[in-house]
Amino acid sequence: MISITFPQESIMSSIKQNIEQVISQITSSTEKCGRTADSVQLLAVSKTKPIAAIDDAIAVGQRAFGENYVQEGVEKVQHFAGHAQAEEIVWHFIGPIQSNKTRPIAEHFDWVHSVDRIKTARRLNEQRPSSMAPLNILLQVNTSGEESKSGIHVTDLAALADEIATMPNLVLRGLMSIPQKADSYDSQYAAFKLLADAQQQLHIKYPQIDTLSMGMSGDMDAAIAAGSTIVRIGTAIFGARDYT
1 MISITFPQES
11 IMSSIKQNIE
21 QVISQITSST
31 EKCGRTADSV
41 QLLAVSKTKP
51 IAAIDDAIAV
61 GQRAFGENYV
71 QEGVEKVQHF
81 AGHAQAEEIV
91 WHFIGPIQSN
101 KTRPIAEHFD
111 WVHSVDRIKT
121 ARRLNEQRPS
131 SMAPLNILLQ
141 VNTSGEESKS
151 GIHVTDLAAL
161 ADEIATMPNL
171 VLRGLMSIPQ
181 KADSYDSQYA
191 AFKLLADAQQ
201 QLHIKYPQID
211 TLSMGMSGDM
221 DAAIAAGSTI
231 VRIGTAIFGA
241 RDYT
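Every letter in the sequence shown is one number past the one before it in full-length UniProt numbering, and letter 36, counting from 1, is 36.
Source of the hints: derived by calculation from the structure; they are not laboratory data.
One thing to keep in mind: the hints can contain errors.
[Claimed, not checked] In silico DSSO-like pairs for lysine-lysine, Cα to Cα no more than 27 Å straight-line:
#	residue 1	residue 2
1	K205	K181
2	K32	K16
3	K181	K47
4	K119	K149
5	K149	K101
6	K101	K119
7	K101	K32
8	K32	K193
9	K181	K193
10	K47	K205
[To be verified] Cβ pair distances, simulated, as ranges:
#	residue 1	residue 2	range
11	E88	T36	16 to 24 Å
12	T36	S217	16 to 24 Å
13	D186	V60	33 to 41 Å
14	G61	G34	20 to 28 Å
15	A158	A59	17 to 25 Å
16	H83	E107	42 to 50 Å
17	V60	E31	17 to 25 Å
18	S131	D186	43 to 51 Å
19	E72	S99	16 to 24 Å
Beta carbons are placed, not taken as given, at the ideal position from N, Cα and C, and that holds for glycine.
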């Protein structure tokens, strides 16, 4: 079981303040581009973070959490299944997907952000329990063309979307990207706008496509201006990660 080893009261206060600050930043960004604050969801990236830290975030109203590692994420989903707010908590898998790990993802998560292959989509569809609601799917797009990055090319989106549309246990909700790091606002915005334009094209055929998962601490302002509906924030909420 994941545990915490530092003073709980001070950590909870810090997490509360951090979440409030991030929400304030989201509100400021949405106001600047004429959007409402509730049009952007804060996804707290809790990978490598202890159960107690997530508990603290839940205690101050956070309900959506993102996990990158299958085993760790499943353990957390199972732990919080008995939580008083269990029905309100939404779990997003946002990491790379290995073929032999699709079953636990399909059986435990509510959203998957990182689908970029038809094989992965088929496995998630086949392995999603019929007793659960269809799994919300985002297609990961490689907007920068970097070979080191996962994601489908924009020109291949339509074909993959058409395939997923036939799968009864999946619902295609939108797109996700992790663009190449850029220091200037204009460069950040251009990469996000490419994804937003692709989403709008898909939305014409599939009206349920309403989600853009893009933007983190360093480029959230540009992502929201381009149309992001989910921003993925980890360190700014929970502090630096310890991968040891």
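Against the structure, the hints come out as follows:
With a C-alpha separation of about 31 Å, the suggested pairing of K205 with K181 is violated against the 27 Å cut-off. The suggested pairing of K32 with K16 holds, with an alpha-carbon distance near 25 Å, which does not exceed 27 Å. Of the supplied pair hints, the one linking K181 and K47 holds, its CA atoms being roughly 21 Å apart against a limit of 27 Å. The suggested pairing of K119 with K149 holds, with an alpha-carbon distance near 18 Å, which does not exceed 27 Å.
With a C-alpha separation of about 20 Å, the suggested pairing of K149 with K101 holds against the 27 Å cut-off. For a cut-off of 27 Å, the pair hint linking K101 to K119 stands: about 13 Å separates their Cα positions. Restraint check for K101 and K32: the C-alpha separation of about 41 Å exceeds 27 Å, so the hint is violated. Under the criterion of a C-alpha separation no larger than 27 Å, the hint pairing K32 with K193 is consistent with the structure, at around 17 Å.
Between K181 and K193 the CA atoms are separated by roughly 15 Å; this keeps the pair inside 27 Å, and the hint holds. With a C-alpha separation of about 35 Å, the suggested pairing of K47 with K205 is violated against the 27 Å cut-off. Distance hint check: the CB atoms of E88 and T36 are about 21 Å apart, consistent with the given range 16 to 24 Å. For the pair T36 and S217, the supplied restraint of 16 to 24 Å holds, since their beta-carbon distance comes to about 21 Å.
At roughly 35 Å, the beta-carbon separation of D186 and V60 lies within the given 33 to 41 Å, and the hint holds. At about 25 Å, the CB distance of G61 to G34 agrees with the hint of 20 to 28 Å. For A158 and A59, the hinted distance range of 17 to 25 Å is not satisfied, since their beta carbons lie about 43 Å from each other. For the pair H83 and E107, the beta carbons lie near 18 Å from each other, so the given range of 42 to 50 Å is not met.
At roughly 23 Å, the beta carbons of V60 and E31 sit within the given window of 17 to 25 Å. The beta-carbon spacing between S131 and D186, approximately 48 Å, falls within the hinted interval of 43 to 51 Å. For the hinted restraint 16 to 24 Å between E72 and S99, the CB-CB distance of approximately 19 Å keeps it satisfied.
The structure fails to meet hints 1, 7, 10, 15, 16 from the earlier list, while all remaining hints are met.
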